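Asks: Full structure from sequences and hints, please.
Now for the letters of each chain:
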Amino acid sequence: MGIGTVTPFLDLREREEGFLHLLPGRVTELLGVPGTGLTRLGLRLLAAPSLVGPVVALDTRGWISPEAAWETGVTPENLVIVRCDQPQIWPKVTAALLEGVRALYAEVPVGAKDQDLRRLAALARARKVAVAMRPIGSGLPSGVAHLRLRALGVTWEGADQGHGQLRRRRLVLEASGKGAAGVSRRFEVEDEGSDVVRVVSHVVVGETRRAVG
Amino acid sequence: MWSLGRPDAPSADPVLIVDDRVTGASKEVLAAGVTLGMPRREAEALAPFATVLIRDPGEESRRFDPVVEAIEVLIPRVEVVSPGLVLVPISGAVRFYGGEDTLAELVEREMARLVGQVRGGQALVGVADGPFAARWAAATSDAGRPNVVNDTIGFISRLDLAALRESLNADELIDTFRWLGVSTLGDLARLPREALATRFGNPGLLAHRLASGEDRFVESREIPADLAVDTSFEEPLESLDAVAFAARALAERLLRGLRASGVAPHRVSILVEAAAGEPRERIWRSADPFTEKALSDRVWWQLRAWVESGGVPGGISRLRIAPADLSDEGRQLGLLQDETSRIEAERALARAQALVGPDGVLQGRAQGGRMPQERVAWSRWGEPPVDQERDPSAPWPGATPSPSPALVPPRLQSLEVEWDAGIPTRVRLGTRWEPVLTWSGPWRLSGRWWAGERDADRYQLVTSVGAFLCVVAEGRAYLAGVYD
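First to last, the sequence lines map onto chains A and B.
Going by our numbering, the first residue of the first sequence is number -5, and it counts up by one from there.
Going by our numbering, the first residue of the second sequence is number 423, and it counts up by one from there.
Just so you know, these hints were derived from the structure itself, not from any lab.
Computed from a prediction, not measured in an experiment: that's the story for all the values here.
The beta-carbon is built from N, C-alpha and C at its ideal position, and this holds for glycine as well.
A few of these clues could be false.
[To be verified] In the SDA-like style, the derived pairs of lysine to any residue whose C-alpha atoms are separated by at most 20 Å in a straight line are: (1) A/K86 x B/W803; (2) A/K122 x B/W803; (3) A/K122 x B/I765; (4) A/K86 x B/V778; (5) A/K122 x B/V778; (6) A/K122 x B/R612; (7) A/K86 x B/P780; (8) A/K122 x B/E768; (9) A/K122 x B/D781; (10) A/K122 x A/E93; (11) A/K86 x B/D781; (12) A/K86 x B/R769.
[Claimed, not checked] Non-contacting residues of chain B with respect to chain A, defined by C-beta distances greater than 10 Å in every case (computed): (13) V437; (14) K449; (15) T574; (16) L602; (17) F622; (18) L693; (19) A698; (20) E703; (21) A770; (22) S824.
[Said to hold, decoys possible] Which bits of chain A does chain B cover? Going by a derived footprint, with three or more residues having C-beta under 8 Å, they are: (23) 22 to 31; (24) 42 to 53; (25) 64 to 70; (26) 99 to 106.
Replies: Right under this line is the structure:
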């Protein structure tokens, strides 16, 4: 009989890093006000799929900059930006993209209908498309997102009363939904502008458990 | 090889015909230093006096069709490479007519007869072993004097390296060869093939094959009959729109079927049956395996040529496309590439483009600049990327440092910022004022005064809900980016 120990801290950290990967056929919702860093995070989620084929960022405001995506590791020649500023055709455009692309980051315009969003989620499931949705207004209706990442706050390092420059961002996220096993978890994401994003767990459990084998 | 004229060109003025590169030019324009294949912008700079016309391959195909038909009367199985260039396998015809010279002269005479009928025509005829050598035999012949090459290897070895440009579409590779002291195809053929393959990969290998007179390698296979696709129309198609739609659908179907079999066509036969007339067939060839777009274009050009010239009386009642010269070229993918997903993605993007318009589906390339707005060169998806206006690898002192803002408005947006003795204190976001927690800057941005640009100061403002890149010019603040 052997005796082993398990550190929950490591286990949690691996799980939280898993939140920052898109899953085929699943919708990840990025919820938070503009300025918290969710656009950059959404583009970062396209980095891995962009290694094997074209990925799309659906831009409803015409403001998404590919430069930020390149910095996070998205392959430049595989990134296509689709600009759709007409909310009435947004569901059609999204559906057209879901029919063929493998990974999509989509801003959801204000006033998008729940029914359309549910249909699009079903289409993403059927087509095995990895989707990150960023609602510009309120959140997605229930049942659409497999995982919800809500931005709780952002802090910047580097700038100091006129000196220095913005260098590092710490984004506090709360993961919830089926993708988080139904339990809300808070963690931090550190971003220094490169494609390396570090996950820092807030949930530090000092004790160890004994496993019986 | 047939030089096509443009009926809409002004008769007295020099003319430049372009798509994104030069595809045709009159003598005066060529004398100014313009060469075929040169980028459009460069050609326009060299010949500002020329009238610029956009290439219309469909119209060219229609005007070239009588020439193809005339050759087909003499020799069957004509292969159209592009409007203006046909390849004809002549081994059978040589036996029938009694020799290569006799046959070449016969074709030349037939072409000379057509010169009087088809405006702008001038025929160049060449005979050699293989499509590449024959194409350059024709290109180096004089009008009225066919160039029959007996020593194909010797002929190719004397050609300048520029002869490879059309086949390889790799200007940088050719420039590198020149830099290494290789100026003719003979020089290139004398280099060890393994060394070229190791150093330059597939393009180097192809260049060596062409220079050695081996031409394009095509792995011929027995073509199962069921790989051909056809469709019949209860109501014969007469409108060009309907024909275009049918051409595209059938071309896509053919390539989908071929892809499933793991092969790609270099030649296709397009056959139509007219509602009231004889069936017509034409063969098109491509050096590279046909893509969906390339095949759709050729089918469309050919059908348009037949429809507009009245060659399909009563409309098209049946359309058939059959592949030939199947090879596995074009299936050499990178380690991580997934061609199927790429093709599906391209279809999806084409549908999205139809919904949002061509300016709504974009790709960016990095370029130099100090502001985030300047650092991306946008081009429409599916079109050749635009030239970078500024070199991204050059030093850009004073450029806004990374991380870059993820949201960049195309133009600076007005922003309300409250200042206290030159220090930003509050910023208005929507309807509320957010206190500035910290900031960096100002960083001076000196404008090009000679171009009317203003000097400005940049600030990075950090609030509790995020950070913003702000530009202050002439006492007013503007939003240049959101670090979202």
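Asks: Determine for every hint whether it applies to the structure shown.
Replies: Taking the hints in turn, this is what the structure says about them:
1. With a C-alpha separation of about 19 Å, the suggested pair A/K86 and B/W803 falls inside the 20 Å cut-off, and the hint holds.
2. Among the hinted pairs, A/K122 with B/W803 is inconsistent with the structure: their alpha-carbon atoms are about 24 Å apart, more than 20 Å.
3. Under the criterion of a C-alpha separation no larger than 20 Å, the hint pairing A/K122 with B/I765 is consistent with the structure, at around 16 Å.
4. Pair hint A/K86 plus B/V778 holds up; C-alpha atoms about 10 Å apart against a cutoff of 20 Å.
5. Our distance criterion of 20 Å between C-alpha atoms is broken by A/K122 and B/V778, whose separation comes to about 24 Å.
6. Of the pairs offered as hints, the one joining A/K122 and B/R612 is violated, with about 52 Å between alpha carbons and a cut-off of 20 Å exceeded.
7. Restraint check for A/K86 and B/P780: satisfied, since their Cα atoms lie roughly 16 Å apart, inside the 20 Å limit.
8. Restraint check for A/K122 and B/E768: satisfied, since their Cα atoms lie roughly 17 Å apart, inside the 20 Å limit.
9. As the CA atoms of A/K122 and B/D781 are separated by approximately 28 Å, the hinted pair breaks the 20 Å bound.
10. With a C-alpha separation of about 10 Å, the suggested pairing of A/K122 with A/E93 holds against the 20 Å cut-off.
11. Simply put, A/K86 and B/D781 have alpha-carbon atoms about 17 Å apart, close enough for the 20 Å limit, and the pair holds.
12. The straight-line distance between the Cα atoms of A/K86 and B/R769 is roughly 15 Å, inside the 20 Å bound, and the hint therefore holds.
13. Its beta-carbon lying about 35 Å from the closest one in chain A, B/V437 satisfies the requirement of being farther than 10 Å from that chain.
14. With a least CB separation of 40 Å from chain A, B/K449 remains clear of the 10 Å interface cut-off, as annotated.
15. The non-interface label for B/T574 is consistent with chain A: the shortest C-beta to C-beta separation is roughly 39 Å, beyond 10 Å.
16. Taking the minimum C-beta to C-beta distance to chain A, about 28 Å, the non-interface status of B/L602 holds against the 10 Å cut.
17. A cut-off of 10 Å between C-beta atoms confirms that B/F622 is not in contact with chain A; the least separation is 21 Å.
18. With a cut of 10 Å on Cβ distances, B/L693 stays outside the contact zone with chain A, its closest approach being about 31 Å.
19. Every CB of chain A is more than 10 Å from the CB of B/A698 (nearest about 40 Å), matching its label as outside the interface.
20. The beta carbon of B/E703 sits about 34 Å from the closest Cβ of chain A, which is more than 10 Å, so the claim that it is off the interface holds.
21. Not every beta carbon of chain A lies more than 10 Å from that of B/A770, the smallest distance being close to 3 Å; the non-interface claim is violated.
22. At roughly 4 Å from the closest C-beta of chain A, the C-beta of B/S824 falls inside 10 Å, breaking its exclusion from the interface.
23. Residues of the stretch 22 to 31 of chain A with a Cβ under 8 Å from some Cβ of chain B number 5, which satisfies the need for three, so the listed coverage holds.
24. With 5 residues having a Cβ less than 8 Å from any Cβ of chain B, the stretch 42 to 53 of chain A passes the three-residue criterion, so the hint holds.
25. Restraint check on the stretch 64 to 70 of chain A versus chain B: 3 residues with Cβ-Cβ distances below 8 Å, three needed, restraint holds.
26. Check on the stretch 99 to 106 of chain A: 0 of its residues sit with their Cβ under 8 Å from a Cβ of chain B, so the three-residue criterion for coverage is violated.
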